[in-house]
Amino acid sequence: MRAFRKPAAILALLACLAFLLVAPQLFKPYGVFILSIWAVMTVAAIGLNLTLGYAGQVSLAQAAFVGVGAYITAWMTTHGWPFWTTYVLAFFVCFAVGWVLGYPALRVQHHYLAFVTLAFNTLLYLVFRNEEWLTNGIYGISNIPRPSVLGWSMNHPHNLYYFLLVHLVLISAATWLLIQSPWGRAFVAVRENPIRALSLGVDTRRYTLMAFAIGAGIGGLSGSLYAVLVQFIDPTPFALGATPTGSLSLLLMVVVGGSGYFFGPFLGAVVAVLLPEWLRFAQGYYLMAYAIFVIGLMVYCPTGLLGLLDRMFSGKKKPSTEIESPAKTAAEVAR
Amino acid sequence: MKTVMEVRNIRKQFGGIVAVDDVSFDVREGEILGIIGPNGSGKSTLFNCILGQLQPTSGDVHLEGRKVTGIRPCDLNKLGVSRTFQLLQVFPQLTVRENLILAGQEHKGTMMRRLFGPRDAGLTGGANKMIEFFRLGHLADEKASGLSYGQQKLLDAAMAFMAGPRLVLLDEPAGGVNLTMLQSLRDRLKAMNTEQGATFVVIEHNMEFVMALCTRIVVLAEGRLIAEGDPATVRKNPKVIEAYLGH
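Here the protein sequences line up with chains A and B, keeping their order.
Every letter in the first sequence is one number past the one before it in the working numbering, and letter 98, counting from 1, is 98.
Every letter in the second sequence is one number past the one before it in the working numbering, and letter 90, counting from 1, is 90.
Please keep in mind that the hints were generated in silico from the structure rather than gathered at the bench.
Remember, it's a predicted structure, so these values are computed and weren't measured experimentally.
Heads up, the beta-carbon is just placed ideally off N, CA and C, and yes, glycines get one too.
Among these hints, one or two may not hold up.
[Said to hold, decoys possible] If you want a taste of the chain B side facing chain A, the calculated C-beta under 8 Å gives, among others:
#  : residue
1  : Met1
2  : Lys2
3  : Glu6
4  : Gln86
5  : Gln93
6  : Thr95
7  : Ile101
8  : Thr110
9  : Arg114
10 : Ala121
11 : Gly125
12 : Ala157
13 : Met159
14 : Arg166
[As the list claims (entries may be wrong)] From chain B, some residues computed to sit far from chain A (all C-beta separations above 12 Å):
#  : residue
15 : Gly30
16 : Gly52
17 : Gln55
18 : Glu64
19 : Thr69
20 : Arg72
21 : Thr84
22 : Leu245
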């Protein structure tokens, strides 16, 4: 069973990619828009998965970083700056703010850290809403221009969709390289056993801050793309919950998809962004169905959808034999 | 014989309780120093003070002449002091080889090199050697969570050696390990000592293990150092007998 896992995973991945490439031909404009939202929210969830899934730091502030990125791009592009400048700036500003937010994580963990980050998200939400001179308050910033790349205007929804898809692919590739590097190993070590990691020379302080900062930076990129996609920014989407872009929803994406699995956020974003659309026929009941699904998943498989797949494909493990047989051989060697 | 580490008048107080009371000793190059004592005699607290996990109330630790009291454990580790913990501490979601690479990666190059350099930080060869040395070859690509307790204990010890430390502090390496594995562990530690000249400090309850492994022993009781010497002498010391057996 195990030997088939890798080729099967690669095949599934290629199939998904092929689907994403032909999708604009299959859907109406609204469907393409929803897929575009999916791509943008996946980027945000990838950032959170780095902080939460790999480095084990609970954050309820990811939407705030998406908001910072979105406002940077919205304000600057409407004031004549080119998109790319604002895109890079969104990353670095969020990186810096994320770094600072990481400091509480050096002192508190788990639920307490969730509260600290929650407070931070609320704080930034209030800034977005009340600092009218900068953000235009509840009226928001509208008419955000879309960039053009090599003469291709992003005003066409298909072009825009492919533009976002390319960003998603590039950002996930960069994240993949990051978690495959020794840094990724150090992140996992910080998550699994910070005290032991520290005793092995792993500077847990620096890696924790890095995990926060990079996760936030990716959130900023996502926000920047979000501004370009929806062309109108107001404070509401960057609050805690209620919208697919809220912090709780982003947390849900990571956890439902499979926290600490590379493709978890992709799947989680499908559940959080696409499922409500498909369940629209159920009207008011869809939230109930959705809630029951999520509760069920968390009860039976706390490691998320990919954790479930993982369990199915590795078959029913017989832990006794798997652990004992090597032990026996080791004992033989020792003799 | 050269002194690797000097522990000078370490004292640790928790409120009104004195857990470690004015303990001093030297660790000499190439020796296996045992620290023994009844439960609650302050062995682990002493370890934690030496290793920067706890800040001692007073006293100093010097590593080859350099004062290292209270520096962060990761920095102390980079200076060549590594440790194992009383309770088993491996990274269950990483494979055996990755556990070992992790244990070495922070000792090589810069943060930037670790980000953009090779995935294994050039340590696969070293990790494989360590895997061979600790006879874990058939398990190299297994997740650590799939290993038996004794094998994880071996891995735990192997990780402490991965970066080629000058001094290794082992906190109850034999705890909970079955007899076969115990022999294998003792055998490996001895080999590390004679073949590679590694210096050890070992906290242990298992008397047989200590007597067979250690070249010198210090004895703690109620936070104080009550005896010091080679295993045979210490065993006969009336103070030690009293501490272990009571009046």
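Which hint numbers does the structure go against, in order from smallest to largest? 1, 2, 3, 4, 6, 8, 11, 12, 14, 16, 20, 21
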